[in-house]
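Chains as they are written, first to last, in UniProt numbering: chain X, 1 to 354; chain D, 1 to 377.
Don't read these hints as lab results, they were simulated from the structure.
Just so we're clear, the structure is a prediction, and the values are computed from it rather than from any experiment.
The beta-carbon is built from N, C-alpha and C at its ideal position, and this holds for glycine as well.
From the structure, some residues in chain X lie toward chain D, with a derived Cβ separation under 7 Å:
1. 97
2. 127
3. 136
4. 138
5. 142
Chain X stretches covered by chain D per the calculated footprint, using a threshold of three residues with CB under 8 Å from any CB of chain D:
6. 35 to 45
7. 83 to 94
Stretch by stretch, here's where chain X covers chain D in the computed footprint (C-beta under 8 Å, at least three residues):
8. 35 to 44
9. 62 to 76
10. 83 to 89
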Amino acid sequence: MAAAAAADGVGPPPFSKISISGPALASIIQRFASSPGDIDGLLFGHVTRLPPPDPRDDYDHGSPSSADSAAASNFPLAATITGHLSLASPASFYDALGRLHLPSFRRAAASAGHPASSFLGWFSGRRGSPLRPSMRERAVSLSLFRTLASLDVAEGSPSEGSLGSHDLFHRASIFLLMSSSTTGNQAVHTHEYRAFVLRPRGGGGVLEPSSLAIVNVGPAFRAQYSSFSAESAIPWMPCRPRGFEEGERETGNKRGGESLNHLRQLSREQHLLDLSEEGFGVDRLGRLVGPAATGYTLELEDMYEKMLLKLESLAKLVEESSVRVFEQEACCWKHTINLLCNESFSKVFSYLVF
Amino acid sequence: MSAEPPLSPYIAAQLNHLLAYSPLSVKVEQIWSGSKDARFSDRFTLAIPFCLDYVKWDVIYNALHPSLAPDVVFSPEDDDFNPLADIAREGEVRMSKSSLFDWNSKDPSRLMVLVHELRDLYMHYHKRRVGELDDARLKFELNTMLSREGIEVCMVSFPDKPEEVKFSVPLLDMDLNKLVPACTWRHQQKIYLQVIFPVIKSYSSAPAAPRIKLVSTSEVKSLFSIEDVKLPPWLDGMCMAEYLPFIEDNLKLLVVEALASIGARRRFIEALAPLFGRPLEADPVFCRRATVLCASGPFTFLVHFSIPTQFPKQQPILVMQSSQHFNSQGAPISSLPFNDYPWSPRWDPQKMAERIFEFLLDECSNFKKFCIDAMPQ
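Could you build all of it, start to finish, from the sequences and the hints given here?
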């Protein structure tokens with residue numbers, strides 16, 4: 001019933017909470033403040049499901065267990081903005097009528113270095129203007145939302161874990177508006193921002209103002225750690241037990257050449273890893289716990305001792321060589337001084353030429 | 001506050017075209033710059049006449065990219081007015097007709113076309129909002145009145161006041177600009193009836209009478225004054241379609257009278273010439289004003305006539321101004337206005353001129369004395 005209501009009437013608010021990491025907001029504002037004119041760009045981040053609200057102490061329990069699974073997909077969503085891409089020229093991915101230009105949008109989104117699935121919306125910054133979405137900003141938000149939603153449907157979007165494909169429709173619905181103004185003597189600069197969420201309604205959509213929580217480090221934000229999800233630029237590396245991988249490799253051989261290429265790359269990566277681990281593979285880490293632990297610890301200590309020995313011998317070598325270098329230098333000096341004292345100038349000259 | 005830099009050339013050309021050629025009397029409220037180095041201004045607030053009021057829209061260009069089409073920020077109470085979505089809903093053909101479709105910044109008429117297009121969409125937006133109200137009387141009024149040409153309707157809502165709906169109904173199916181000979185009005189002059197209905201949501205209460213007011217464009221005032229028109233009362237259960245004929249008949253008579261009054265004033269000014277000599281100055285269109293030069297022996301002075309719209313029922317107001325006596329600020333000394341000299345509306349213009357001439361003959365010696373007394377010693 002909820003789905004039917006969303007289809008034709010006023011849909012639910014796509015996100016019940018929007019937050020932005022402090023550095024992300026700071027860098028957007030910094031980018032805007034340093035730009036000569038108006039800017040716009042794309043916002044990236046991730047969506048999480050908020051935990052269900054605390055169960056209420058009602059007398060009539062009804063049949064909560066059967067409703068739970070259905071309600072699970074209706075728990076409110078929270079969006080967190082973690083990065084942005086500021087575009088070089090304004091109005092580069094839409095036209096004067098506010099229609100999305102898909103090829104340029106794709107190009108821009110691809111150049112951001114964020115996965116496409118992390119696209120959350122867009123932002124616009126214009127100096128000395130009211131903090132209300134303009135005519136074109138409304139149209140662009142709507143066009144962005146609609147185009148991406150229809151693409152998701154067309155491509156049968158691969159649903160991401162627990163978030164169903166329905167949620168992806170809501171992804172592109174955030175709009176961040178910024179404005180700044182200065183006093184006449186440039187003494188006071190005021191930066192303002194406001195977040196909006198596109199709420200689909202009937203044939204169109206309305207940009208509704210929404211609060212924007214800023215995530216920072218510090219005691220006030222300790223609770224954030226529980227909902228932390230790591231985002232890093234390190235490529236994904238397979239580190240599964242060797243045996244399992246070999247088994248998979250055998251099945252992989254039966255597939256076509258495409259997977260062979262893939263395997264070749266995998267083995268190259270594995271080789272690189274092997275070089276640096278010196279026989280102490282990740283799988284052996286498992287032995288740190290359990291009955292074999294004591295034996296394994298000894299083995300590890302042995303390895304560290306060997307490493308220390310190696311280091312010591314290296315140090316010794318370095319010391320010896322530097323002593324020799326020093327001796328040679330001293331010898332050289334002595335020689336030169338002797339020459340200068342005992343022999344005539346011309347001889348020194350000929351010696352140097354010789 | 002430092003002075004704002006000039007508008008970027010292309011943008012200035014478009015704004016000037018809008019102000020010079022638009023049939024609407026659009027005003028610019030403020031111009032400012034949105035770029036950091038602020039060499040050129042690129043944004044301004046337009047006050048656009050709509051439904052007997054002005055709506056204020058911020059037009060936002062980009063001085064660094066003057067070829068980009070401008071963007072518009074509407075007023076806060078119109079936050080669900082979305083003209084581009086309205087255009088998109090009507091399909092590709094409508095989109096390709098939009099002035100934003102292939103924006104050409106070098107065409108100075110573009111801004112004007114855009115403003116007109118947006119104002120039309122804004123009008124439809126308000127009609128739609130009023131149509132969505134659950135008020136039987138308003139629905140009826142809307143259905144009966146909307147076919148009338150030039151009618152505008154809008155929602156009036158303030159945070160702590162009940163909602164109202166305002167109709168602006170153009171009255172008199174005649175072109176005032178053409179009725180006045182040699183008229184110099186640049187904008188089309190019109191008389192409107194403003195009707196403000198309270199929005200009634202419950203069916204039980206009897207609908208309250210609307211607030212009614214006549215409004216005219218600013219220059220109609222020199223033809224006749226709209227405040228003198230007596231509005232017939234709004235009877236219970238009346239609708240606009242019933243009310244309008246009354247007021248229109250009244251107004252028609254007034255306009256005819258006002259036009260006749262122009263002729264009477266012209267004849268009066270012409271009758272001044274044989275006695276006073278040719279007027280130094282006279283208002284040739286509405287004949288509301290004339291100035292003549294008089295001399296009594298060596299004392300020369302000007303007489304200013306201001307002729308009311310109700311002429312000949314009301315007599316002209318005279319002011320005498322000396323050409324020889326000046327006060328301490330160096331301004332010529334003037335008499336107080338005279339408006340109680342002998343007068344009859346039934347006299348012919350020659351007789352009127354003669355009687356004024358006689359009156360001034362008697363009065364000029366008094367005025368000379370007044371001037372000498374008022375002169376700084």
